[in-house]
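Chains A and B, in that order, are what the protein sequence lines are.
Once you know that position 85 of the first sequence is 84 in numbering that gives the first Met the number 0, the rest is easy, because the numbers rise by one and skip nothing.
Once you know that position 215 of the second sequence is 214 in numbering that gives the first Met the number 0, the rest is easy, because the numbers rise by one and skip nothing.
Be aware that a few hints might be false.
Examples of chain A residues lying across from chain B (beta carbon under 7 Å, computed) [to be verified]:
#1 K2
#2 K3
#3 K4
#4 I35
#5 K41
#6 K70
#7 R73
#8 G74
Mimicking DSBU-like on lysine-lysine, the simulated pairs with C-alpha atoms at most 30 Å apart in a straight line are [stated by the list, open to error]:
#9 B/K267 to A/K47
#10 B/K157 to A/K42
#11 B/K157 to A/K41
#12 A/K41 to B/K214
#13 B/K202 to A/K41
#14 B/K214 to A/K42
#15 B/K157 to A/K20
#16 A/K70 to B/K202
#17 A/K47 to B/K157
#18 A/K162 to B/K267
#19 B/K267 to A/K70
#20 B/K267 to A/K42
#21 B/K340 to B/K320
Simulated from the structure, these hints should not be mistaken for lab results.
Just so you know, even glycine gets a beta-carbon here, dropped at the ideal spot from N, CA and C.
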Amino acid sequence: MIKKKICLLGASSVGKTSLVKQFVEGIFNEKYLTSIGVKIDKKIVSVKQQEVQLMLWDIEGYDRYNVFQGKYIRGASAYIIVVDQTRNSSLQEGIAIHALARNISNVPAILVFNKSDLQANWHLEDSQINQYIALFDRQFNTSAKTGNNVEEMFQAIAELTLKE
Amino acid sequence: MQKNASVQLTESQQELERLRTVILGEEHHLITDAVNEQARDIVGEVLTEALHDRQKKDGSIDKVLLPIVEASVEHSVVHNSDRLISYLYPLLGDLIRKSVGAFLSNFIEKTNQLIEYSFTVKGLKWRFKAWRAGISFTQYVLSQTYNYRVEHVLLIHKETGLLLKSVNLEQQSQNDIDLISSMLSAINDFVGDSFQTSKDGQKEQLQTVSTDSFKLLIRSGPSAIIVAAVTGNPPQQVSEQLQITLEEIHRLYIDELDHFDGDSSLFKNAENQLRDCLLTEEIKTELSSNKKPWFAWLLITIVTIFIAFAIESGYQRTQLKKLIMNIDQQPGIVVMNINVKSENDITLDVMRDPNAIPIEQWFNSHQLSFKSLNLIERRYRSLSPEILNRRVEAIISHYPDLSFHWKNEQLSLLGNIDIIKYQELTTQLSDIGITSRQLQIQQLSLDNSNDFAQSTDVNQQIFKDLIGKISTIQLNFEVNSNQVTPAMQMDLKLLAEQFRYLIKLAKQLNINIGLLLMGASDNSGNRNTNKKLSMMRAESAAIELTHLGLNRVQMFVTSLGQIDIEDVKNTSRKVMFNVIYIDNKIKD
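Construct the entire structure; sequences and hints are all you get.
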């Protein structure tokens with residue numbers, strides 16, 4: 000079976016853990032996140048009749064209290080930058096994390112605007128947003144709360160890892 | 000001189016350089032081509048030796064060959080199964096026998112262990128300790144039975160933390176092993192980054208993780224991590240084996256590890272290397288291999304003895320019950336219920352005739368004795384011939400001059416008896432159920448020669464009783480017949496004796512007596528004819544009595560003819576008797 004390591008990155012409270020929770024039922028307690036900075040879950044998806052086992056590394060949110068956990072990105076086949084579309088700052092932080100991650104790894108990256116069930120609250124021009132989106136291989140609007148687009152996003156990332 | 004020497008040296012160096020160019024330079028293909036032509040011969044020449052040497056050196060040949068051989072056998076099974084079966088056929092019988100034998104000995108051994116750990120003080124202690132440690136009893140037994148046991152071995156890709164291959168001691172699948180691998184490598188990364196880097200730039204590596212019930216031994220290589228989950232206290236040997244295996248895997252799979260893209264199937268054959276790490280060591284003092292399974296044998300012996308005892312005692316009880324049941328064959332005893340609890344505890348419920356053999360006496364005669372005999376005995380009156388005989392025996396024993404025998408359920412009396420005693424005897428016999436119809440007295444001589452020692456009052460009473468008895472005698476004739484039958488003769492014989500005795504008594508009491516014979520008939524036919532028939536019947540009886548020694552002068556024969564009483568007129572074909580007596584004392 001093909002196995003792929005996928006990392007979820009982003010600012011605090013953007014919904015990375017909730018996204019994974021929506022997608023899988025894991026065995027580890029979320030306490031791992033705060034103790035060693037990562038929690039890992041597993042999900043098998045099917046791409047063109049081939050099963051791909053995604054190991055989802057949910058990495059602790061990056062903020063002024065937490066340093067960027069670059070070590071966990073090593074060996075990943077792709078990573079997801081999650082931002083909260085109701086918080087302008089989370090996008091800025093996401094882009095910063097993307098830049099840091101690019102120093103370590105050159106694998107496909109996806110930009111996810113989470114909390115799509117809530118009203119977007121950008122103070123940004125569309126052209127500016129599109130500029131950010133252009134830095135990524137794919138972009139998705141998801142809602143961890145309703146499950147909207149979550150499956151599709153993970154399916155897309157599985158496909159991206161196989162194209163590589 | 001020196002210069003010459005240095006020129007020579009330079010020349011030889013130049014020649015050497017030229018030779019090198021010929022061999023390894025542009026023309027080197029000349030050499031390799033020549034070698035390639037001979038390659039088959041050259042390799043063939045040393046192949047066996049080379050394999051032998053390499054195997055001896057590091058044992059890597061068999062591990063490389065194993066997957067090839069397995070693939071060949073698999074191919075053979077799929078495509079040439081018939082041939083394979085014919086090869087294996089002669090071996091199958093032995094294989095099965097061996098396998099069954101091994102299973103049985105393993106079963107006995109396991110049973111023994113189970114019993115040993117379940118019922119002994121040590122077992123209970125272990126159960127308590129397992130409960131206190133919060134682990135299963137089986138786990139605790141394992142931890143106590145083995146010095147150590149490598150349960151799982153994981154091979155993890157270092158960079159991605161993905162599981163490449165895992166092997167288990169027991170053939171059970173671990174669903175979460177992928178997650179555990181990734182988490183373990185994350186923790187390893189965490190440790191590596193969190194603690195101080197050593198002077199030579201090497202990051203700290205996690206070596207061991209210990210929990211209550213097991214230890215994780217971790218060895219990290221440049222591209223892969225090997226992890227062994229061990230119960231007990233693993234010795235250095237396990238770590239060494241992990242290191243050797245890890246190095247071997249790096250050597251064999253260096254390309255696959257460096258270019259790993261998530262396809263773990265490439266590492267399928269690494270199982271052979273990983274299995275080398277599944278080391279186990281039993282605690283010698285606890286379970287030496289030649290230890291006899293005493294507990295299992297003891298249990299089997301106890302169970303066997305118990306079953307044998309149960310069968311034996313059940314058989315004994317059945318036999319005893321059969322034996323006691325024989326008492327039912329005894330006349331006058333009916334067994335209602337027997338309950339044999341044990342050989343010495345018996346409840347017996349019977350019905351017994353007082354003339355039957357006493358139960359205890361029967362037990363004694365059969366050498367049976369019981370510590371606890373609960374006897375429920377109820378009285379009843381048996382009609383069996385043996386018991387009737389016993390009752391008759393008891394009565395007749397009071398009459399020394401009499402004997403008896405049975406013939407066709409008729410009791411024949413023999414010997415002499417006083418007429419008065421005879422009256423008593425018939426009363427007693429009728430009390431025990433023997434009617435006058437069952438009594439044969441042809442061979443009995445009734446004696447009336449007794450002196451009348453009794454007082455006059457007593458004699459008078461006897462006189463009246465006799466008259467009464469005579470008046471109860473009636474002869475029953477067939478239709479239109481006056482023939483005296485043998486049954487009538489019996490009655491007449493008794494009557495004659497009684498009347499003779501009566502004459503004697505009458506003389507003593509000064510009474511005159513006469514015997515009245517009254518013939519009668521039913522109402523069928525002519526009244527005159529009936530009158531005559533009645534007369535003839537009375538006459539026949541009188542003639543018979545005369546033959547029996549009575550004087551005709553003392554008899555008065557008369558005919559009653561038809562008896563016109565509604566209830567008897569159809570069957571009144573009789574001769575009746577009565578005694579007429581005149582007391583001379585009153586007459587005077």
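Each hint tested on the structure:
no. : hint             : in the structure
1   : K2               : holds (4 Å)
2   : K3               : holds (5 Å)
3   : K4               : holds (4 Å)
4   : I35              : holds (4 Å)
5   : K41              : holds (5 Å)
6   : K70              : holds (5 Å)
7   : R73              : holds (6 Å)
8   : G74              : holds (3 Å)
9   : B/K267 to A/K47  : holds (23 Å)
10  : B/K157 to A/K42  : holds (20 Å)
11  : B/K157 to A/K41  : holds (18 Å)
12  : A/K41 to B/K214  : holds (24 Å)
13  : B/K202 to A/K41  : holds (28 Å)
14  : B/K214 to A/K42  : holds (28 Å)
15  : B/K157 to A/K20  : holds (26 Å)
16  : A/K70 to B/K202  : holds (12 Å)
17  : A/K47 to B/K157  : holds (28 Å)
18  : A/K162 to B/K267 : holds (24 Å)
19  : B/K267 to A/K70  : holds (28 Å)
20  : B/K267 to A/K42  : holds (22 Å)
21  : B/K340 to B/K320 : holds (10 Å)
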